Amino acid sequence: MRAAEPRRWPVAPTLAALAGLLALGMVIAALAGPLSVAPATLWRGVWEGSDQPGYLVVRDLRLPRILMAALVGAALASTGAALQGLFRNSLADPGLIGISAGAALGAVSVIVLGGGALGHQALPVAAFAGALVTTFLMWRIASRGGETRVALLLLAGIAIGAIAMALTGVLTFMADDNELRTLTFWAMGSLAHSRWSDVALVAPWLLAGIVLMPLLARPLNGLMLGEQAALHLGHAVPRAKRAVMVLGAVSVGAAVAAAGQISFVGLVAPHLVRLLIGVDHRWLIPGAAALGAVLTVFADTLARTLVAPAELPIGLVMALLGGPFFLVLLLRRHGV
Amino acid sequence: MSEVLLDVTGVTVRAGDRSLLSDIAFQARAGERLALLGPNGAGKSTLMRALAGDLTPDAGAVTLRGRPLPDWPLAELARRRSVMLQHTPVGFPVRVDEVVALGLPGRRHGNAGDALVGQLLDRFGVAHLRGRAYPSLSGGEQQRVHLARVLAQVWDTPGPRLLLLDESTSALDPAQQYRVLATLAALAEQGDYLIVLVCHDLPLAHAFASRVLMLDQGRLLADDTPARVLTPERLAAVYGLRSRWLDHPDGPVLHVEGALE
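Line by line, the protein sequences are chains A and B. Mapping the first sequence onto this note's numbering, position 206 (from 1) lands on 206, and the numbers just tick up by one. Mapping the second sequence onto this note's numbering, position 110 (from 1) lands on 110, and the numbers just tick up by one.
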């Protein structure tokens, strides 16, 4: 049963707390690792410059990775929040509707079929292209005579995602041992190779989703009452639908390109924030972005410290920690 | 007399080679209460969609304050006409006051604490439900919440406004139906609202409406006062109903006796 009287936490303090949690998480992540760094070293390094090994590790290895984790998590979560609003379904998630499967197919094609000739950037570019192509296909299938049917879009997305996953499977089957290792690690998600140059490359696309998605909050709010009612309320619904899909494809494509497949965060972060502060997308989307960043930074820190000096794939960490937590929450909340 | 708010001229809507609406024409002003009647499939919902601007007629036009509906910017139209659909499913556990706040215009959008939210919920007798989750309400309670939302959308717009209500009281118990329609009728009588109500309950329509439009097979059969439209002959022809008007000290009463053999 749903709670008959949903309680809401005050919006501004909750958002501020999430932002504070993110800042705290990022600082802890910067200090944690096989080489432990004292807070004082970090402090001096930032303000006075320093070439102590501890500070250099933080500056050149950990910080770009932490920033990437935060951006990827925020982009996946705000896209998840917007997609759930668009599809009026709290199960919608970039992973479920095929955008990330398309991105994965693009990336795996490059790993297995080659494309190394295209250089270091081939993989992210292919992932990005994969996300855009699947989104475009979904859109074409669900659009007739200038009208896009959201339910059809969801179904088409699931079907296209299944096809993309099968094709990825075929490529996996064709791969040799060496490719397979790269591929597996990538499919389970990793931020291990994030450097400042990578951050610079994908940050604009991730930020596009994080910053622009909240601008669609009003039409998404209207869509809670259905498409027709949203139109009656004066919202430019067709434009909002297009914008959510394009921004979603861009930022999920960039996220998968940067970090491989990280499931769950796009589903859980919006859900949790909705429980805390309610359904208004004006606060839900930024709140989900902040929580998504927190969860991803946290999971990535565990991924690189739990079995140091080896690493766990972040996708596994996220699912193994998040899954049970989410289940407990559902059980407590719905009293199943 | 006030200006013509709604002007419908020669509206025809076709689906394939079937006419859903044929040459519908009427005018209405703020202050009027129109009941749109007719058997299932008569074209009531299609006409409502044309009046809302959801569909563009194959011929004819609907103008609001002299301006054809397609020429209205969406947001401006939303300040002038408000629509309650037969079904408005709400996704997510939205709270009642949040549903109403979705109707608030401009900067007030989504502000569940806005004074108007409580005021309108109170007007429809559901103020005590404002903290409840919308999906946990009964059908009749949900309809009253949506009435509050639909009114919130145009409440502060100066000048005449159009309310389109498609079977908005169908899930209410009889006493609530009369109470809600009396509330709406009182609003219309103050002169700012033109209300068009689709309805299946003839005595209710009689009690509410200042004017009844009878549709059958896409045609406007009659457009007049309730007593002149709801004649036994017409009800027999359109609905296959047996009925008569009874004399009563307070005025004649429509008595529906049953279906024709």
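Be aware that one or more of the hints could be misleading.
[As the list claims (entries may be wrong)] Covered by chain B, according to a simulated footprint, are these stretches of chain A (three or more residues, beta-carbon under 8 Å):
id, segment
1, 36-45
2, 79-91
3, 166-173
4, 229-238
Hints listed in this document are in silico derivations from the structure and should not be mistaken for laboratory results. On a predicted model such as this, the values are computed, not experimentally measured, just so you know. Beta carbons: idealized from backbone N, C-alpha and C, even for Gly.
Quick rundown of the hints versus the structure:
1. Counting residues of the segment 36-45 of chain A whose C-beta sits closer than 8 Å to any C-beta of chain B gives 0, which falls short of three, so the coverage hint is violated.
2. Judged by the Cβ-Cβ criterion of 8 Å, the segment 79-91 of chain A is covered by chain B as claimed, because 3 of its residues qualify and three suffice.
3. A stretch counts as covered by a chain when three or more of its residues have a beta carbon under 8 Å from one of that chain; for the segment 166-173 of chain A and chain B the count is 0, and the coverage is violated.
4. Look at the segment 229-238 of chain A against chain B: 7 of its residues bring a Cβ nearer than 8 Å to a Cβ of that chain, three or more, so the hint holds.
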